[in-house]
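Chemist: Listed here are the chains, written in short residue letters.
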Amino acid sequence: MVRFKSRYLLCEVRMSDPPSLQLLDDRSVFTALRNAVSRAHGDYGAGVCGLSFAVKYLNARTGVLFLRCRKSHYRLIWSALPFVSSLESRGQRLPCAVDCLHVGGTIRTCQKFLIRYNARQIQRLLPQCRSEEECVEVRRAVMSCSLKELEEEEEEEDEERGEVSAGQ
Amino acid sequence: LTMLTDLEKCPRHLLVCEKSNFLNEKSRHDVHVAGHYFNYKVSVLIPECGTLPSGLKSIVNSIAKYYLVKNFPIYKILEEKFLEKQVKAGSLCALSYKTRIDQDNTFALLPTGKLVLSLDKDTYEDLGLEGQPSQYNHKVPVRYVITVDLADKSLAPGTNKYKRVMWALKEKVQLRSDFLMAKHKPDEEECPLASCFTDYQYKEYKPSVSTQTLSDVPCPVIHSKHLKGQAEESCDSQEFVEWLGAVTAGIECNNEASTFLSTYCCPDPRIIMGKACLCTVTGFLLPENIYQLLEEIRHYFDEPKFAPWSTLTVHGFSDSPVSWSTAEHGFHKGGENMYSFVIFRNDDYWLYMATGAHDACPP
Amino acid sequence: MAVFADLNINYTDDKKQLRDIIETAAHLGYSTVAINHLIDLQPKKQEIRKPASVDELFRQLPVVQGKSRPIKVLNRLTLGVSDASHFRPSADLKYYDLVAVVPKTEKLFHAACMTFDVDIICITVTEKQPFFFKRPPVNGAIDRGVFFEITYTPAIKDSTMRRYTISNALSLMQTCKGKNVIISSGAEKPLDLRGPYDISNLGLVFGLSEGDAKAAVSTNCRATLLHAETRKTALGVIHTIKKTQTVEEDQEQEAPASKRAKTKHV
Amino acid sequence: EEPASYERLVLKNASVYHYLRISLVFQDSDKRLSEAQFKQLIISALRDLYGEIGAAFPFDVLKFEENTLKAIIRVLSSGLVKLWSALTLLGSYQNEPCAFRIIQVSPLLLALSGNSRDFE
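Protein sequence lines correspond, in order, to chains B, X, G and R. What the first sequence shows, in my numbering, is residues 1 to 168, in sequence order. What the second sequence shows, in my numbering, is residues 169 to 531, in sequence order. What the third sequence shows, in my numbering, is residues 532 to 797, in sequence order. What the fourth sequence shows, in my numbering, is residues 798 to 917, in sequence order.
Treat the hints with care, since some could be wrong.
What the hints assert, rightly or not - Below, in silico cross-link-like pairs of lysine-lysine (BS3-like), each with a Cα-Cα straight-line distance of 27 Å or less: (1) LYS177/X to LYS809/R; (2) LYS867/R to LYS688/G; (3) LYS763/G to LYS710/G.
Quick caveat, the hints were computed from the structure, so don't treat them as lab data. From a predicted model like this one, the values you see are computed outputs, not experimental measurements.
Based on the provided sequences and hints, a complete structural model is requested.
Modeler: What follows is the structure, encoded as structure tokens:
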């Protein structure tokens, strides 16, 4: 079975005003990214965005963002990330920046990376907490960041597509 | 620089630069000139020279005439009379005219007596002669090259092989095309080439000559011993060949490197040539003609001259089925098939040779 | 490695315009063009008009640039299909040298790839591809020698359509892997046309390899025409050649049917 | 003086630049552009198709003839496919339909001075 080779970009959305992260949704992030790719790579970039480019996961608490695109074009998408300077959500323009943390060929490698990254984040954040509740809250927020479900979902998708690709 | 997409690739290309000396025993300059059969344009650039030197002028004006024969069947070349009187007598060049090597059936008769047929799949299969798949095939063969050595004994008239080839080209598939033909032979009186195609519509042509004088042209300093140039002292061979291209195409080289339109300017170190003579001949030019020109340019330096070097650039037909000798030539997006000599005062020379995207490396 | 062809020049009643386009095509180095008649199939049976003869258009066909041959002009019918039942084999199709189909839904695309007796399946370039290209139908079409066509004129005219063209083309290419693709103009005026080498470069932007891109304006077009010939002659079983041409032309254009069947996947 | 010794350099895919001989055509032939407008037209065609990053490579208008709208362009080899396709997909200038005709393309500028396909 041959399937389309994808690349996954694990990114982080940083806001100048962190609480406004809560306002984000997949659609607003996708639109902002697509506009950034069009600006950076013109009609060609916009055309490429029509091709299996998707926001697979967004954690509105930590700002972790997970993108999927075709392997052949991931550099093009990647190079456009710095062009995202703000997001539009519910009529508000939110200044932000998108950093790429990791590029992986499978969801699993991204998941592994994310666990390590989260562990470091917890270690960094916990000493700053002033109360026990805060510690719990930070832990929950960071732990909520998992791609496990996504992975299962993707496997199902692959199975669906298996029938499509069986011809090869 | 990282590649963002596959669009940053460009087709393969090859350029060979050689340096040597004409007096060097192993120098192959004569072989390279003699082996590049189908030439369509030659240009000579002589710096510090206002008018074309008389020696060169007389050679340029004596370049053999050529013929354009319409709708000429290929089997005629194999007919005994033509074969004996023209092909075997030597130095007959023929190339199909207005046929494109990446689209059409293309034919060439080399002066060595080899007949090269570059055919599409259908014609090849109908013809039934043995050939090789072209190196330009993509995935499945759609083009084949048949080489018939007419000078070979096994193909002498009367032999079975001869009969078979003749039958294929005359009875099976009568291939025809317009042809450019020229012959280098002083004793033409005995059996003029033109007498062989009186049955066909043909026209005689003389190569066209144009001469222009360039003035105050900045020109890179080069040193014959340093193909790769020396910092601050001389330019490398690639910089030079780009400049030569610019001058021949009439591109302004006096630019400031910072302008909006073009950052190209003559490489440093440079000198200004007060005058330069650029002479271009266009036609169906034989290797012998080119060799005469090359020899004459060498003799130009017999007497002391201001010019440090001269150049001789030869453009081959981009739709010729061969580049040098029998090496296959093709056309992908540009059918580069050319060479260029830089002739220095002391018999040193540089030689550039370029072929197209999928061609074999020049000899 | 075959002559260049543009198998989609939009038909217009303006004869001068049509002549201008064909002259430009010849000037750009195309050896074969097809005039495209577009019909949207309706539920009730409708008449397919017989196309005007090429002789009515030109007293003398323009000569292809750089060659001594005149351009070859064909007639092509493109059927817009919105329901599979509208498509039925009709004797009227024989008036046309090529038959293409524009499937409007995924189901129709599947049917077009697997069963419709056509030569070309048009890929939409004016809107976002409404469905994914799946491997089985695409491979089925490739096995049957049916070709996918991408037209480039909309991409010249409008930025949004250009995005759709690139997106849909890239999407097709990753499913068909560059096989059985032809690129044609869909030109409505002479300035819509581009040269064959320009198009083989444009093919790279559409996700084709160097070789596949050049084949998309040459070898594949030839194979499409051979497919059309075999379709018209009932799979190559019966074939009559009107032998009026000279021997040479005969060789170039009219290979025996048996050979055609063999070479149609080229 | 010693004669030069034999040396051979094989430059494979070494050309930094590619060169194009192009011309711009309009429906009515009396449309005129300056050299700067011509270059700007190509720059915006590139920008539209490939954006700020994708079109961020230099090219030069080596020669331009105002009366015939013919030009010779030099472009970094890595930008050839993009520049060429941007020219291909350009369809108008100041709302007037136009088209670029690419006459010859080569990695060698010298090759542009001899195009045997022009030979009549």
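Chemist: Now, for every hint given, state plainly whether the structure supports it.
Modeler: To see whether the hints hold, each was checked on the structure:
{"no.": "1", "hint": "LYS177/X to LYS809/R", "result": "holds, 14 Å"}
{"no.": "2", "hint": "LYS867/R to LYS688/G", "result": "holds, 23 Å"}
{"no.": "3", "hint": "LYS763/G to LYS710/G", "result": "holds, 23 Å"}
Checked against the numbered hints given earlier, the structure satisfies every one of them.
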